[in-house]
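Visitor: With the hints as a guide, bring the two chains together.
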Amino acid sequence: MKMKPASAFIAVFLASQVLLPLRYYASDDDFDERFAWRMFSPIRMTACEVEWTEDDVPRPPDAEIQVAWLALMRRARRSVLVAYARARCADLQGRVREPDVRALVVCDHPDGRPRRPVTPIVNLCETLR
Amino acid sequence: MSGREAIAARWSRFWFESEVLRSRLTAFRVVFFGLLALDLWVLMVPHASRHDLGAFNVSHVPWLDPFIPAPDTSIFTALYLVSGFLSMRIALGLATRESRIALTVLYSTAYLWSQLDSYQHHYLICLLLLLSCFVPFEVTPGLDAARAPEAPRVVRSWAARLIYVQVSIVYFFTAITKANEHWLSGWALERIVRVEGVRTLFADMAAGMGWAELGTYALVAHVIMLWQFFVAVAFLFPRLRPVACVTGPLFHVLVEVLDLKIGWFSYYMIGIYYLLLFPDRWFVGLAKPLERVGTYATHLFDRVVRVGEAPSVYVACGSSALCAAVALLVPLEGVGVAAVTCGLATLAALWPRAELPATSSVARALAHVAIAGSMVLAIRGTDGPWDYYRFWAGDLARRGELEPAAEMYERANAHAPPGRARHARLAEIYERLGRPNDAERTRQQGLAHLPATLRTTEPEPPPPTPDRAP
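As you go down the protein sequences, you meet chains A and B in turn.
Under our numbering, the first residue of the first sequence is numbered 1, with each subsequent residue one higher.
Under our numbering, the first residue of the second sequence is numbered 130, with each subsequent residue one higher.
None of these hints come from the bench; they were simulated from the model.
The structure presented is a predicted model; accordingly, all values stated were derived computationally and were not measured.
We treat Cβ as the ideally placed atom computed from N, Cα and C, and that holds for glycine.
Incorrect hints may have been included.
[Unchecked claim] If you want a taste of the chain A side facing chain B, the calculated C-beta under 7 angstroms gives, among others:
no., residue
1, Ile10
2, Trp37
3, Arg38
4, Met39
5, Pro42
6, Met45
7, Gln66
8, Ala87
9, Gln93
[Claimed, not checked] Per the computed footprint, the stretches of chain B lying under chain A, defined by three or more beta-carbons under 8 angstroms from a beta-carbon of chain A, are:
no., region
10, 189-200
11, 247-254
12, 309-316
13, 375-382
14, 525-533
[Said to hold, decoys possible] Pair ranges (Cβ atoms, derived):
no., chain 1, residue 1, chain 2, residue 2, range
15, B, Asp388, A, Leu22, 24 to 34 angstroms
16, A, Asp108, B, Val386, 22 to 32 angstroms
17, A, Arg95, B, Leu383, 51 to 61 angstroms
18, A, Asp55, B, Pro191, 23 to 33 angstroms
Pulled out of the complex, with its shape left as it was, chain B reads as follows (with noise of 0.2 angstroms):
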């Protein structure tokens, strides 16, 4: 065998003789998924309105900025709203690929979109999505293949071998990052920790220990560098994984004590440490009682609906259409877009055609109901809608557009959560507009909740920087 021969054949055996468990696919698609519609419409949704730019907007590609239209909030809000909606799906096992295809499309537009989000873990999800396109998801069992007693108990992927060597990649990157004296002194870390038990105990250590201010700072900064280095090698390499999978997470749990505002960025990578360094067999044995519920479930499944019954023209309009209609309940810009969209997509999925899923079309159109109540639900039933309005209108008050912004506090009140609306700046607005019956009804709006109102003249907050995450 000639070198380049030689060299062909372990490229080869790398890539396509790569195996893993079934179980950890499955895992991954409902987790990782999962995880990402409900960061979609809990956490991302509520900024879609910083999108009301006016004209001025700069896309990740900038030199296509001549070419592509200014975003706007009614666009971004629906580009969340179906991308989680079609993740979600994904999550349940629901017309896994065609949803894969159109999710990373819609993901990765809105991200490129506009600058304005710049975090990281984005970018890095719009990678992961682009490679789940390629991961034979289509084994593992969801709502649209509940029993496939023949699918084997590992498969061959490629493409989730390079999910292992991208998270590497950014391991390492990010290890390099921290190669310099900025870091390593301590300095750039001391700046991060803003949680004032953590300092006072870096402090106390470093008395403790007679090293100068920075100390405890620097120790622990080449901890991380080095860490860092480590787990880059360990996505690579089988045998380091107990180490960095137990290591890892504990890591990430303590980026989340120190409360970096960095997004669910840490709960995506405790996720993908437990879903991809987890050994076979710890994987297997933490699957097992997911398993049996799963089993269970099946059999509940098979005594309510008839698996494999003929589908019918009707239940995929009628669900559609139901599914729409659910989705307008979300209160926000843009949602009777994102509600045909979803409407169109339901129907897509279960119009019927020779090669349906083998389970019951009721299911599954009660399903995608279910995804568009759950979205509903992550909605109206957290502060987004609050935030949404409250972030726009403090924006278009800040701008000097005074009657949109009056009508957007009016809109953010109307979800206000108790004792927080803002009555006081709406008043101050309508004053401002020469209005001076509405600034009146809303100062006796306010009034009627005055102990907790006491606080409403505070000006609005920033919206979150774009980019603190890493």
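Only chain A is shown next, with the shape it has when bound in the complex (with noise of 0.2 angstroms):
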């Protein structure tokens, strides 16, 4: 039987709207709630600082990005922490021998837990080589 090309977009977008929301429940990332559907999900409510370190040193980035992305940074999102550290490795990488960046992200636990760090301190320049 030969399918419709409607019945190949609906089985499509179907499997996409199931499967995207399961990837948040197998990713290692707690925080990236994005396409999951999480409506004021326990982890929308947890807080977060973060402490950026350059050469040992506190660099916070608020006077160089919008206040938007401090507020996702606080919410411990991945993809914009990462995107902000290959940021800086980049801007630092002619000016430094060998660049060294460090974010400490550290989160309230749900229930009141002890709080614990969401990245490991390691140079981050180093690791998104």
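Guide: Below, the structure written as structure tokens:
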């Protein structure tokens, strides 16, 4: 039996709409809830603190990027943290021999357990290379 | 019939024999796209200025980032303005097919381009727009097809059925999100509810029943989760819809009462409940008065303009130029691109060709100009320009870019509602720039409105945090 183009579209659309939310549950990243329809999730209620350092010197990004990006960082949005780290490493590349950019993200646990670091404290210029 | 054939037959019946009232499609087109146009002009345009980011941006598809340009304010402003124009055109039934395709591309581009917009309901709108490209809105009455006596009462549409399934998927997964101890204990809900009256009510109720402090929150949290599972099923099974179509709007009214700052999500959902779930008989009953109004409007239309008159190149060119000229009255960046695009879209819809709609080209031309006019009114008639430049100025000042910040504060003040201009803030920036004369001039302007401007030394409120929406 030949499949109608509309049937193929429906099948692909439905598969994507089931798999995209499921991808969240299979991922190790609790904080990126995009495309998962997690309205009012407890994760959304958690608050994080982000501390950036370059060569062990604190360097907050507040004066460089739009304030909404800072809000996304405080929600431990990994893709934003990674993109900012990449941008900083690229900026330092020509000026510093071995750029060292680190981000410490510490978040509240939803149930009040002790705060937990979300990111390993490593030189992102090396790990993202 | 083999098992495989039986499944294929069921699949085919479920999708391709699904019928929907034509009046339901008409109402969906008018309400959903009309609301979307206003949402774009009134709510989204003022936030376009946050895309003045320099080089930093992360799209929703980060692996594409190296290949796509950094967004900027002008482009986003133009995207939102033109999207609103197209959306209103669809609502009125003008060039609906081309407009739906263009709107889907533009709106989805704006959404996917930057994670600054992480509202989940904007993602839902992207999906609904994609599906709407396949819904047969051509059979619904509008300015392109005012009279279609041969049009059927019901039409078959697999895309309309897919919209029901999509909304069901949304509710299913959001209910799953709540099936955990943090939600069911009332902890998360307690943090969401910030309206004092509601908190007092919940506390009094818990005390009255002898429950623990979070008792009422836990009860409501359980009810919400179970209700969302129920609604997920109701979107698929018509028999459950009368319950869902009454409880759904109530739930979203409650969300508004709780003041959750989620844009117009509740209004979209209330509309969707009415448009998709109201049983046919109720729906037709409610639509009847509107149909009568439509009939009178059609008669009036017939008297005023000659239906089916020959389309004219002059009408097409003149109205597209007028449309662009009207759009230029929007006092925002990127308006030139938006005006030219709106003009070209008008020209494409009105250009004489063999298969042009039967309705009057004059009426269609006037409607295009009216849409451009409504765009100007929607933006100039609200605090849109004030918010647009104020948010922009505040962000530039925070980043130490004082020259452009001063320019944006000047523009913001030119559009400020009475008593809310940021004269003191602007004077402070001029001082820091070493421009005492401008600082003094600005202070004098502020003194002219002194009683109301006492609060202008307050720091700029941060722009809304993305992704607060469900």
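Visitor: Regarding the hint that glutamine 93/A lies at the interface with chain B, is the smallest CB-CB distance below 7 angstroms?
Guide: violated (15 angstroms)
Visitor: Taking the least C-beta to C-beta distance, is arginine 38/A closer than 7 angstroms to chain B?
Guide: Check passed: Cβ of arginine 38/A comes within 4 angstroms of chain B, closer than 7 angstroms.
Visitor: For the region 525-533 of chain B, count the residues whose Cβ lies under 8 angstroms from any Cβ of chain A; is that count three or more?
Guide: holds (count 3)
Visitor: Could you check if glutamine 66/A really has its C-beta closer than 7 angstroms to a C-beta on chain B?
Guide: Result: holds, 5 angstroms to nearest chain B Cβ.
Visitor: Count residues of the region 375-382 of chain B with a Cβ under 8 angstroms from any Cβ of chain A, then say if the count reaches three.
Guide: violated (count 0)
Visitor: Taking 7 angstroms as the limit, does the beta-carbon of methionine 39/A come near enough to a beta-carbon in chain B?
Guide: holds (3 angstroms)
Visitor: Does the nearest C-beta of chain B fall within a distance shorter than 7 angstroms of the C-beta of tryptophan 37/A?
Guide: holds (4 angstroms)
Visitor: Next item in the hint list is alanine 87/A. Is there a CB on chain B closer than 7 angstroms to its CB?
Guide: With a minimum Cβ separation of about 6 angstroms from chain B (threshold 7 angstroms), the hint on alanine 87/A holds.
Visitor: With a Cβ-Cβ cutoff of 8 angstroms, does the region 189-200 of chain B contain at least three residues near chain A?
Guide: holds (count 3)
Visitor: For the region 247-254 of chain B, do at least 3 residues have a Cβ located nearer than 8 angstroms to some Cβ of chain A?
Guide: holds (count 3)
Visitor: For the hint on isoleucine 10/A, just tell me whether its beta-carbon gets within less than 7 angstroms of chain B.
Guide: Holds: closest Cβ of chain B sits about 6 angstroms from isoleucine 10/A, inside 7 angstroms.
Visitor: Has the region 309-316 of chain B got at least three residues whose CB is nearer than 8 angstroms to a CB belonging to chain A?
Guide: holds (count 5)
Hints 9, 13 from the earlier list are contradicted by this structure; the remaining hints agree with it.
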